[in-house]
Each structure stands twice: as C-alpha cells, then as structure tokens.
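Just so you know, the sequences run in chain order A and B.
The first sequence begins at 54 in the working numbering and counts up one residue at a time.
The second sequence begins at 1283 in the working numbering and counts up one residue at a time.
The set of hints was computed from the structure by calculation and includes no laboratory data.
Keep in mind that the hints are not guaranteed to be accurate.
[Said to hold, decoys possible] Listed below are the simulated BS3-like cross-link pairs for lysine-lysine, each with C-alpha atoms no more than 30 angstroms apart in a straight line:
1) A/Lys239 x A/Lys225
2) A/Lys185 x B/Lys1293
3) B/Lys1486 x A/Lys264
Quick caveat, the model's predicted, so the values are computed rather than measured.
Now for the letters of each chain:
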Amino acid sequence: MESIIAEGLTKRFNTIIAVDHISFRIREGEVFGLLGPNGAGKTTTIRMLSCLIKPSEGFALVGGYDIIKESNKVREIVGVLTENPSLYERLTAYENLWFFAEAYGISDTNERDGRIRELLEFFDLWGRRGDKVGTFSRGMKQKLAIARALVHRPPIIFLDEPTAGLDPESAKEIRDLIGRLSKHEKCTILLCTHRLEDAEKLCSKVMIINKGKNIAIGSLEELARLVGKPTLQIGLLSINEKITDSLKALKEVKDVFIDPQLSRLILNLDDESSTPKIVKEVVHAGGMILSVNMVYPSLEEVYLKLIREGTA
Amino acid sequence: MRLRKVMLVFKKDWLEIKRNHEVILPMIIIPLILSIGFPLVFIVGITMVPESASSMEDLENMIRNLPEHERNALSQMTPLQASIYLFTLYFLAPLFLIIPVMVSSVIAADSFAGEKERKTIEALLATPISDSELLLGKVMVSFVPSFMITVISFIAYSILVNILSFTMLGRFLFPNLLWIMLIFCLSPAMAFASICLTVIISAKVKGFREAQQISGMLLLPIIALMLGQIAGIIMLGPVIIGVLTLSIILIDYAVLSLSVRAFKREEILQKLI
Ligand SMILES: Nc1ncnc2c1ncn2[C@@H]1O[C@H](COP(=O)(O)OP(=O)(O)OP(=O)(O)O)[C@@H](O)[C@H]1O
Ligand SMILES: [Mg+2]
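Working from the sequences, and respecting the hints, build out all of it.
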C-alpha cells in the first residue's frame, strides 16, 4: 500500500522555482531517500508534505489524506524533524516534549510521561531533562528534535538531515533507529540527507533532485544501472593464467582485471545473468573460489555522476 | 476550537515569557513608573517646592471642561489641593492606559514575532493545533497578564492616592467611577486592540524588536488624549470613557478580523526567511 503519493508537486517563491513538478510514491514501511545538493528543494518538499507551506501546483496524499484539503489530518499522523531543531530554548527538554506530546493529543498523563521518559532515555537525555534546551550542545538539540518528531508514534515520519551535527556513534544509533522504525513498526520514512552512506544503508528507494527537478528515482540497484554496469568480483585462493585465459575466452566476459593484492578477479560483464556460467568456468579451470560478489557502483559514484550530467 | 489546545498554547507561552527578561522587565517597570513613580515624584515635587504647584489660571483649561459639581468642589480648594486633585484623578488617567497597551503588546510581540524570529514556529505549525486555537491561545497569553497587571497597578495607585488625598484634602478620592470604567472597560478594549495590531505587525516584520518598536506607535492616541486634556479640548469623564470604549470595541472587531487574516500558517513560514 502507498503511504505517500506526490504528483507534480511544485513550489515557486516569487521568481525562484524551488520544487519543479516532482512526483513519487512511497510504500508503507519504506525508507525513501531524498537526495540533492544544497538548495535542491528537499526542505521545501518536506514542508509541503507536512502542510507547512502550500504547493503552488500539484498535489499529494499523505497517509491517504490530501495535503491541501485535509491538512490537519495530515499533521496528526506525521512526525517532522525540521531542518533547524526548532526547539523552545527557554523550556527544559522535558517541557518541550510535554508541550508537543499534548499538542499531538497524548492527553493521558501516564502515557505521556512514559513516552517522554522512554524517548529521553533512548537519546541519553534523561539526566538533563530539567535543563533548559538553550544550554544543550548542537547534537543534543538534534536528538531532542528527533525525539519530538517521534513523540506521538507517527506512522509517517519526515526527517530533514537527522544526523547533521551528530557524533559517529550517535549517527549510527539514529541510523539503527530509522531501520528499526521502518522494519518493526512499519513506519514510512522520508529521509533527506547529505550522508550518502546513510542513504545507502537505509533506503529502499532513492530520489535525486537538483534545482527542484527530478534527476533520477529508483532503488539503489536501478540507479546504479543508470550510470554503469555492475562488476563481478571473484576472490580466489590463487590466480593463474589458466583461469584468466579461460575467462577471457568466454564471450560473456568483456574485460578481466586482476587485483593481485587481494587475489581477486574483477570482471566486466554484459549481463549479470551469466554469473553461474562464469563461476563454473573458474572451477573447471581449477580455481579455488573464496567469494563471489556482484558489485554495483556506490551511491556516491551514482550521485556525483548524475548531478554532474544534470548540470552539464 | 478545542479549549484544551488553547490552554496548552497559553501555558507554553507563559512558561517561555516568564523566563524572558526582555519581556518581564517592561512588564514590571512600566506599571511601576506609572502607578508608583509618577505619583511619588509629584508628591515629592509639590511638598518640597510648593510654588511648583500650578496656579489656578494654569489649570483653567482643564477645569473649564469639568462637570458642574467638580468645578464647585475645586473652587473650594487651594491651588495646591486643586493640583493634587486634577493630577491624580484626571491628568494621569490617560497615561495609565499605557500599562495595558504596552504590556499586552510586549507580550504579543514576543509570542508572535519572537516565536517566528527564533524559528520555533515551524515545529509549532507542524502540530495539529488549528490556526484559531493557536491565535486564541496567544492572544490570551498577551491579554490575561496585561489585564491582571493593570488591575494590580490600579490598586497600588488607589492606595497611594488615597493616602495622599487623605492627608492633603481630608478625604479619599478612590474608588471613583471614572477610574473604574477606565480600568475595567477602556483598558481591556485597548489592550485587545493593541494585541491584534501587534499580531498584524508581527506577520510583516522579522523579529521581536521590530514588532515592539512599531507597536510603540500605539502610544500616540494615548498621548493625544493627554494633550487634549491639558489643552482643554477633551476632559475624561464616565460618559466620554463609555463612548471611547464603544468606539475601541468597534476598532477591536475590525483589527481582530484583520489579524485572523494575517495569521495564516502557510504564509507565516513562507516569509520566515
Ligand atoms: N521561504 C522562502 N522564500 C524564498 N525562497 C526560498 C524559501 N525557502 C526556500 N527557498 C529557495 O528554494 C530553494 C530550495 O531550498 P530548500 O531549502 O528546499 O533546499 P534544500 O534542498 O533543503 O537545501 P539544503 O541541502 O541546503 O538544506 C532555494 O533556492 C531557496 O533559496
Ligand atoms: Mg534543506
């Protein structure tokens, strides 16, 4: 089932077109990555989907609700991590979460206090719950802002650069949390990030935008195919000429490279479905196979290539 | 409209305001100056330098417009007594309106423009609290404290003036119908107008200071009223205050509908940057 459907979403600010007719669909429980350089229109897209600004054109359904006509329904089921933490610095961590929990309709005191405690403990902020947020470090504010986005257990979550300002350990915790929310709680997550390795680890589908326009959309694999073919890497106990010669003789193999340090063969193929045949050939030639990997171009390579092509 | 959400916004804003000395200081200092400072300076002035009390001719302009019984009462007094009487009951009356107008607009400027400036408005607008609930909660948090402060200042002022008038005139001047109408009818009406105007201003400006500076213009009608009294064009009395209150209520209605129109969540964020 689709949690989010966007059709031709467009936002103009005076003369600037911040978001230019983008369309996408996000399935329930999916982590969808929205990538793009600074000023691409990621934050503006999130703001439209969370009903903070009205699109100039196009429409979107979030959790089945129209973002223009049923904006209050959308706000109820969505949790947003805004680009800047947007926390009340004169209130304590606890008071901030108290306010937002009530605002999102958690009126039962026990339930609310339990939820706040659970979140603050998870983010290691329970000990600082009585301190004013103005005294927090940037990463602590970021964690509290994430806690706020999750306080009402929203089924749909928009995260605008969740790991910005976090140390590596905390960033990993957030990554694990996002994975858990999607897998176990079936949360649908729209993730904007500049950390491509985060997107690579988490997202089942990715959209790359630049200057408001859609450049590419698809699974990591599909995007990888856009910029190049995968390579087959075969790790061997030892490499000899008999093996390489027999591989070069195969018509399915375009090039054979040897990575002597790792004792690995790197093959360019026309079609990855010939992998079994190739493996068989290696075994036949007496090769002792340790590993077989299909390696796609990394998201970083894909991203950089697509953005450069787009601007060229 | 859900009252619970309105009260939630009220409570949250009050928590913030209580801890913001930029808001709390004017909330304390303005009432102190007007309800205690001015009368004390006046008392000290006329008792230390009795000739500083105006002569009857200087007061002629103000006296001319007073109702008959007031004029008769004044004609029985010495110039010193008459100055005390006119200063405490009439001259300070329009100035006292500064308290509800300024206190409410300082709070409103923080609650609307301040929240925008600190960028906390984005997360607030993402919640399912409706525009009208947000607006009402924030108008209330500007109104309730300003009204309470006005009443407390009035009580302090009454006590001080009564002490003075008892020693100098041999009678208590408060309670007095003019002032009761001033504090309980005209003040709230003006506070409400100043809040709505501050909401409209806040939608157009970047931050708290700018909103506060522009809303300082709200003092102009008060100063005009004060000068009008000195010049003898107008003299406050229960009837005039009643008329003023009714006209301000009409203005309230107009600025309220304008502020409802100015407070549209989708537009607030568009102009944030
Ligand atoms: N309120 C606004 N008024 C005018 N222009 C705006 C407004 N908000 C965004 N823009 C413009 O829209 C474009 C997209 O901005 P947006 O914040 O969506 O980018 P982004 O992809 O989130 O960038 P970043 O990675 O730097 O966060 C930019 O050119 C920006 O200047
Ligand atoms: Mg952004």
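Tested hints:
The suggested pairing of A/Lys239 with A/Lys225 holds, with an alpha-carbon distance near 20 angstroms, which does not exceed 30 angstroms. Restraint check for A/Lys185 and B/Lys1293: satisfied, since their Cα atoms lie roughly 17 angstroms apart, inside the 30 angstroms limit. A threshold of 30 angstroms between alpha carbons decides the hint, and for B/Lys1486 with A/Lys264 the separation of about 28 angstroms falls inside it, so the pair holds.
The structure agrees with every numbered hint stated previously.
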